[in-house]
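Starting from the given sequences, assemble the full structure and let the hints guide the process.
2 protein chains.
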Amino acid sequence: MSKRVVILTGGVGGAKLVLGLMQIMPAERITAIVNTGDDFEHLGLAISPDLDTLLYTLSGKANAAQGWGRDGESWQFMDALKSLGGEDWFLLGDGDMALHVLRTRLLATGNPLSAVTARFAKAWGVDIAMLPMTDDPVATHLTTDEGDLPFQHYFVARRCAPKVQAIRFEGADHASPAPGVLEAIAEADAILIAPSNPWLSVDPLLAVPGIRTALETAKAPIVAVSPIVGGQAVKGPTAKLMSELGLGITNTSIAAHYNGVIDGLLVDMRDGDEDLSLSHMVTDTLMQTLDDRARVAQAALDLAARLAS
Amino acid sequence: MSKRVVILTGGVGGAKLVLGLMQIMPAERITAIVNTGDDFEHLGLAISPDLDTLLYTLSGKANAAQGWGRDGESWQFMDALKSLGGEDWFLLGDGDMALHVLRTRLLATGNPLSAVTARFAKAWGVDIAMLPMTDDPVATHLTTDEGDLPFQHYFVARRCAPKVQAIRFEGADHASPAPGVLEAIAEADAILIAPSNPWLSVDPLLAVPGIRTALETAKAPIVAVSPIVGGQAVKGPTAKLMSELGLGITNTSIAAHYNGVIDGLLVDMRDGDEDLSLSHMVTDTLMQTLDDRARVAQAALDLAARLAS
Chain V
26 MSKRVVILTG
36 GVGGAKLVLG
46 LMQIMPAERI
56 TAIVNTGDDF
66 EHLGLAISPD
76 LDTLLYTLSG
86 KANAAQGWGR
96 DGESWQFMDA
106 LKSLGGEDWF
116 LLGDGDMALH
126 VLRTRLLATG
136 NPLSAVTARF
146 AKAWGVDIAM
156 LPMTDDPVAT
166 HLTTDEGDLP
176 FQHYFVARRC
186 APKVQAIRFE
196 GADHASPAPG
206 VLEAIAEADA
216 ILIAPSNPWL
226 SVDPLLAVPG
236 IRTALETAKA
246 PIVAVSPIVG
256 GQAVKGPTAK
266 LMSELGLGIT
276 NTSIAAHYNG
286 VIDGLLVDMR
296 DGDEDLSLSH
306 MVTDTLMQTL
316 DDRARVAQAA
326 LDLAARLAS
Chain Y
26 MSKRVVILTG
36 GVGGAKLVLG
46 LMQIMPAERI
56 TAIVNTGDDF
66 EHLGLAISPD
76 LDTLLYTLSG
86 KANAAQGWGR
96 DGESWQFMDA
106 LKSLGGEDWF
116 LLGDGDMALH
126 VLRTRLLATG
136 NPLSAVTARF
146 AKAWGVDIAM
156 LPMTDDPVAT
166 HLTTDEGDLP
176 FQHYFVARRC
186 APKVQAIRFE
196 GADHASPAPG
206 VLEAIAEADA
216 ILIAPSNPWL
226 SVDPLLAVPG
236 IRTALETAKA
246 PIVAVSPIVG
256 GQAVKGPTAK
266 LMSELGLGIT
276 NTSIAAHYNG
286 VIDGLLVDMR
296 DGDEDLSLSH
306 MVTDTLMQTL
316 DDRARVAQAA
326 LDLAARLAS
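Sequences listed follow chains V and Y, in order.
The opening position of the first sequence corresponds to residue 26 in our numbering, with each subsequent residue numbered one higher.
The opening position of the second sequence corresponds to residue 26 in our numbering, with each subsequent residue numbered one higher.
Wrong hints could be hidden among the right ones.
For identical chains, the list gives no copy identity; a pair is met inside one copy or between any two copies.
Mimicking EDC-like on lysine to aspartate or glutamate, the simulated pairs with C-alpha atoms at most 20 Å apart in a straight line are [stated by the list, open to error]: (1) 86 with 309; (2) 28 with 288; (3) 107 with 96; (4) 147 with 104; (5) 260 with 309; (6) 188 with 288; (7) 147 with 113; (8) 86 with 104; (9) 147 with 195; (10) 147 with 112; (11) 86 with 171; (12) 265 with 171; (13) 260 with 152; (14) 86 with 327.
Calculated from the structure, these hints are not laboratory results.
Dropping the structure here:
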């Protein structure tokens with residue numbers, strides 16, 4: 026019987042690694058625990074950006090070139106919304122609206138987010154277990170030089186321009202892990218942390234008290250794939266954020282950040298000369314093709330296997 | 026100064042007559058009081074079919090060939106919704122969604138339907154006063170050989186196939202006219218009833234107690250444009266419904282139905298040989314072109330002027 030793998034993940038970068046895992050092992054043995062700190066309500070709709078990115082990526086519907094949303098998307102809703110004077114800073118594609126409208130409806134009629142997510146995954150033939158980190162509301166907020174900003178205002182409306190001083194996850198203290206999260210962590214043979222933004226996409230997961238405890242007591246080795254490639258972040262605001270937080274853009278910073286949680290770090294070959302006290306393995310971690318994704322996933326599992334033995 | 030005209034209206038047929046009025050008089054002197062008995066909540070969205078048909082028709086966005094919805098509409102939302110197993114019996118176009126999402130949001134944050142409607146009309150350059158009959162919930166229900174059916178289930182899901190035994194307007198007894206409705210009726214120089222379905226589209230308006238009283242005491246003559254053309258209804262279930270209610274498909278039936286409310290009836294020339302005790306005028310009431318609409322509107326105003334003198 027093949028091993029059970031749990032992966033903690035945010036959106037785009039994490040989705041690539043999950044897709045890689047699906048190339049090298051049975052989907053049914055994979056559990057993705059997904060950040061919901063980016064979730065927010067917009068125009069009365071419940072929006073879960075990271076869950077949706079996984080759904081689109083794993084079901085083959087993602088717009089890979091754009092990095093978010095659906096392939097072949099149209100924009101009549103946004104055009105009409107603008108003509109009516111509606112808020113237009115957050116783009117909602119016509120097809121994308123189906124997830125938001127149906128999720129909002131299902132949540133309003135008493136279904137937890139985990140059940141809604143499972144239903145969507147099943148409808149689109151996504152066979153991994155895709156779990157939100159929690160069914161409770163958690164909201165990432167940033168303290169910046171422009172004041173307090175909810176995540177999407179910082180990320181989308183302000184395009185990560187404000188300087189970040191601190192990050193907090195409102196509601197996390199009182200959030201419980203979604204059904205299945207703790208069991209999956211306890212029963213896993215390997216636990217991966219995707220190369221998502223450690224501060225914005227992974228920390229919300231670690232801020233849910235039950236999840237951090239489960240990771241600390243898990244029997245499986247925990248391996249993070251570093252988001253640093255050649256002294257830069259592949260995508261998004263990771264490098265800028267690290268500078269603003271006074272950190273070097275190095276794997277030493279990543280290892281220190283995950284100290285006490287991870288057992289090993291998969292680092293990119295361009296950064297292989299860095300001196301790390303933590304167990305690590307060096308490979309090409311850039312994931313441009315599907316083969317790349319499978320190869321990086323395999324390397325992460327290989328490191329986990331080495332740490333387990 | 027030109028006269029003030031009030032028109033009580035449902036959706037498609039009524040929108041044509043309002044558009045006709047706009048060709049022959051200043052839009053600012055027209056008040057349309059619109060049926061909201063067809064309104065319903067679907068997928069958590071507040072949908073107002075007759076208000077929307079007027080908005081689309083009067084702003085030049087309507088799909089005239091189809092008879093409902095927007096011109097050039099796309100359907101990615103419905104396709105994605107179906108793929109997720111969402112309810113798909115009621116078609117929601119991508120552009121159309123903007124009205125529903127924004128209206129739902131504005132209603133949820135405390136704006137009455139009348140204010141939302143005025144905002145939409147203004148945004149799209151519709152200069153008539155467009156008023157919902159009421160800001161209170163009123164829901165048309167039909168007693169049929171298939172049991173009790175909410176209006177949209179009868180009209181859309183069952184395509185008017187069930188035999189109708191009775192019609193009721195839930196909530197109408199306790200509904201108040203929307204702001205401006207009673208004033209418009211009291212101050213009008215002519216009041217028209219559009220050739221909308223008298224039982225399904227106009228009766229909800231008359232079922233709002235304050236509106237019926239205002240019509241009974243209005244100083245202006247009240248003229249209905251008959252929905253009967255050549256012994257048939259132009260569109261929709263009017264003729265079938267009249268048969269099921271045991272009525273002849275005649276202007277005598279229409280006049281009897283509006284007895285006590287109207288002062289005159291504009292009838293189609295194909296039905297001109299019918300013997301009516303009510304004041305009436307005969308013309309070609311088919312509204313296929315914009316010129317037709319202006320001509321029918323003018324004829325209705327002419328009959329009102331004759332009754333006023």
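Cross-check of the supplied hints:
no.	hint	verdict
1	86 with 309	neither (26 Å within a copy, 54 Å between copies)
2	28 with 288	within (18 Å within a copy, 83 Å between copies)
3	107 with 96	between (22 Å within a copy, 17 Å between copies)
4	147 with 104	between (31 Å within a copy, 17 Å between copies)
5	260 with 309	within (16 Å within a copy, 67 Å between copies)
6	188 with 288	neither (31 Å within a copy, 71 Å between copies)
7	147 with 113	between (31 Å within a copy, 18 Å between copies)
8	86 with 104	between (22 Å within a copy, 13 Å between copies)
9	147 with 195	neither (30 Å within a copy, 39 Å between copies)
10	147 with 112	between (32 Å within a copy, 17 Å between copies)
11	86 with 171	neither (36 Å within a copy, 41 Å between copies)
12	265 with 171	within (16 Å within a copy, 64 Å between copies)
13	260 with 152	neither (27 Å within a copy, 49 Å between copies)
14	86 with 327	neither (29 Å within a copy, 59 Å between copies)
Of the hints listed earlier, those the structure fails to meet are numbers 1, 6, 9, 11, 13 and 14, in rising order.
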